[in-house]
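Please work from the sequences and hints to get the whole structure.
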Amino acid sequence: MTTLKSKGISLENLKLNFEEVHDGLNAQEAMEESNRCLYCYDAPCIKACPTGIDIPKFIKKIASGNLKGSATTIMSANPVGASCARVCPTEELCEGACVLNHSTEPIVIGDLQRFATDWAIKNEQILFKPGEKNGRKVAVVGGGPAGLSAARELARFGYEVTIFEAAEEAGGLDTYGIVSFRLPQDISRWEVDQVEKLDVEIRTNTRVGTDVTFDELAEQYDSIVLTIGMGNVPMLGIEGENLEGVHDAIEFVKRTKSGAITKELLGKNVVVVGAGNTAIDAATCAARKGAADVKIVYRRTAKEMTAYEFEYDFAKQDDVEFNWLTQPIEIIGDNTGKVTQLKCVKMDLGEADEDGRRRPVPVENSEFNIEVDAVIKAIGQSRYTDLIEGFGLDHEGGVVKVDPETLQTSNPNVYAAGDVIFAKGQGEAMVVTAAQQGKEIAMAIHKQLDPTPTAII
Amino acid sequence: MADLSLNLAGIKSPNPFWLASAPPTNSGYQVQRAFEAGWGGAVWKTLGEPILNVSSRFAAVGFNGQNVAGFNNIELITDRPLEVNLKEIYETKKKFPNHAIIASLMVEPTQEKWHEIVKKVEDVGVDGLELNFGCPHGMAERGMGSASGQVPELVEKQTAWVKEVAETPVIVKLTPNITDITFTAEAAVKGGADAVSMINTINSLAGVDIDTWDTIPNVAGKGAHGGYCGPAVKPIALNMVAECARHPRINVPISGMGGVSSWREAVEFMLMGATGVQVCTAAMHHGFSIVEDMKDGLNNYLDEKGINSVMDLVGQSVEKYSDWGNLDLNHQIVAKINNDVCINCNKCHIACEDTSHQCIDMLKDEQGNDILKVREEDCVGCNLCSIVCPVDGAIDMVEYANGKPPMTWNERQAAIGAVSSCDVDLIK
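Protein chains in written order, with this note's numbering: chain U, 1 to 457; chain G, 1 to 428.
Quick caveat, the hints were computed from the structure, so don't treat them as lab data. Please read these numbers as outputs of a predicted model, since none were measured by experiment. Watch out, some of these pointers could steer you wrong.
[Stated by the list, open to error] Ranges of calculated distance between the beta carbons of each label pair, as one might list FRET restraints:
no., chain 1, residue 1, chain 2, residue 2, range
1, G, 357, U, 105, 30 to 40 Å
2, G, 367, U, 359, 28 to 38 Å
3, G, 367, U, 47, 15 to 25 Å
The beta-carbon is built from N, C-alpha and C at its ideal position, and this holds for glycine as well.
Structural data, given as structure tokens:
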């Protein structure tokens, strides 16, 4: 099999390159690792988990051979716990807080969480039951992690929940946005299925504002949960963005998760603009689609980039080249309208701007051209401002304003969570945070609509 | 280089590590491999009338992912003809004249049977005899093994029969399946035993398969009790050795065994009165090569302590072992938590809070860091916190000077007795 350099990337069977890269623990490894957990009291890993999974408890259950109990412990606290086992930046969360960092090696909590949830997936477990119907209805707009989490909890409380999902399948970023080799679609599908099994109706291919109006939702449902996430990558604002071969990173990754892996990048030169999580995903996807050369250009330095350290390492292993302090200023095409070059300028870091990062400033006379066959834009995501305004909600630049306690918007019957309320400078936009917010919304709605406490089944 | 050579009641071996009578000493091939690996002696798998064994014989008890914390077997004594064993003993002894070969023996409790087998094995040149009054399974149902070992009179009588003809030292191997092992040990001494060895295995059922509900192990769906040994039995064995060692009328050497897995346990057994140790489970778990570290570790230990001969260890801790009534009631220790070493798992807190004396507080220091602190006035010095602590050096048990003079329970009771029988009313 022809492989590229040291990458181990197949050029003949591109599909192979998109299979999950990390094998996970085998039963023996899981047993040894779970027995190594100290079973701390008041464990710091629990506090470090945004969803507060009782980590020592689920690990002890792996050690005792109670895998159903273990998966239930995980999924009970985090309705997308199987995805989070794979995509959470665990070094910065649970594993970073493990007390064994101070003596030996932290427990590989993410891998153990994956072991338990993989067991549940493989054994087709249904872990929860819907609550006794209380006659109230909630519409969830957007079936990503935040929406699924809210829906799951509400269904357990006894609400009749309908999820409105614009895409073909629910799951949001877990289904379409996180690269397959880190998060296979089946995992996200199982989580969606767990929610559906609680009698939650998921109306896919249904765009709120187009296929169903805001007023209809407001009339038919007691509460509305807005978990629409963010949109595609915004325009760079430079010449040549409409040329053939210029891609949106979100769309680019999504295509690798829907349908066959296409061969158009085989042997080509690709530049990814930006150095966040999505930029890394796009760059590694390009490499795995067989591109001969993949460069990331970023106007700041490694220090300021928002990608995680493990993502940076992963991209380097896929031979992605990082070009710091480099700003694209023009995309150049040939006379057929195809992209051929990316014109860039070198940058310097100046004073810190409002989010504390040093502002890049162009270096005079430093322009240069990079030969490219494709340019992938990954400089953040746009906001669904029209939709938010359609609901008549207060927002700031497309970020819905909410009460930080209840996640209630300016309309008391509408709650919002996930990326749609994620503003700059608020830390990390993580799947696990969205999941937690979904739970909080469910609790807040339950408090608002049904103040008598209900036991969770 | 310390002198590791051993002399147990006249049986000499180059080091104190013997293989116990068990599957590892079943044949000449195995014993010769063991001697090549460095074992000092071997007690040949028990000789007697060849028996029939069952298939599926061993089971282990694991703990927290570790394979062999305890070990259980239902195998009987040798299943090979006596002549074959005798021939192999002869050959092995010839090849390894400086290593100890002890013949373990088990026959029906008659004088004639004992005389007959003793003569046969001494003829092929064994260095000593070990009378198996310990095996708890199978043979005991036929009146041998522990069935003999549980009756002091039978122990004494059979030992005496052996001594009538034996020319080599006689070790009596005792069963722990008895309320007080010193009774049978004393009976062996009365019968003329030159040494005792202990412990044989403990009656056990290793487990039940929670899916099939069969016993572990099982033979075609049926189980029977076996004999338990391995690391988990060490405390039981060590106590029995110590009780015999401090007993005034059990004044013969003791060969110690039960959970010896490394040189460390060997040192413990010898300090508590054993003259050398016997090993089985550790060898079955890892092979004969483990003896290399046993010897090396023991030698380094002795060198470090400035002890010339391993024999000098024997019994050094015996006088420190006594009855509860002789312990000082006024001695006090308390836990001290070293927060610079502590990793804040809080296991000590919850262990104390839920199951002991509620004296470890979870607090914040001046910088707001989590710390744990012992309220010394409430600490009873139970050790639990330091036992559950996963980090070396995070919890010390330190002496708490309370200014009270030593006073044991026995002294206290004697003093109360003296006061109450006093003619003068002291209270007035």
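Inset, instruction - Kindly confirm whether 30 to 40 Å is satisfied by the beta carbon distance between residue 357 of chain G and residue 105 of chain U. - result: Cβ of residue 357 of chain G to Cβ of residue 105 of chain U: about 33 Å, so the range 30 to 40 Å holds.
Legend entry - Assessment of proposed distance window 15 to 25 Å (beta carbons of residue 367 of chain G, residue 47 of chain U): holds (18 Å)
Legend entry - Outcome of range test on Cβ distance (residue 367 of chain G, residue 359 of chain U; 28 to 38 Å): holds (35 Å)
Checked against the numbered hints listed earlier, the structure breaks none of them; every hint is satisfied.
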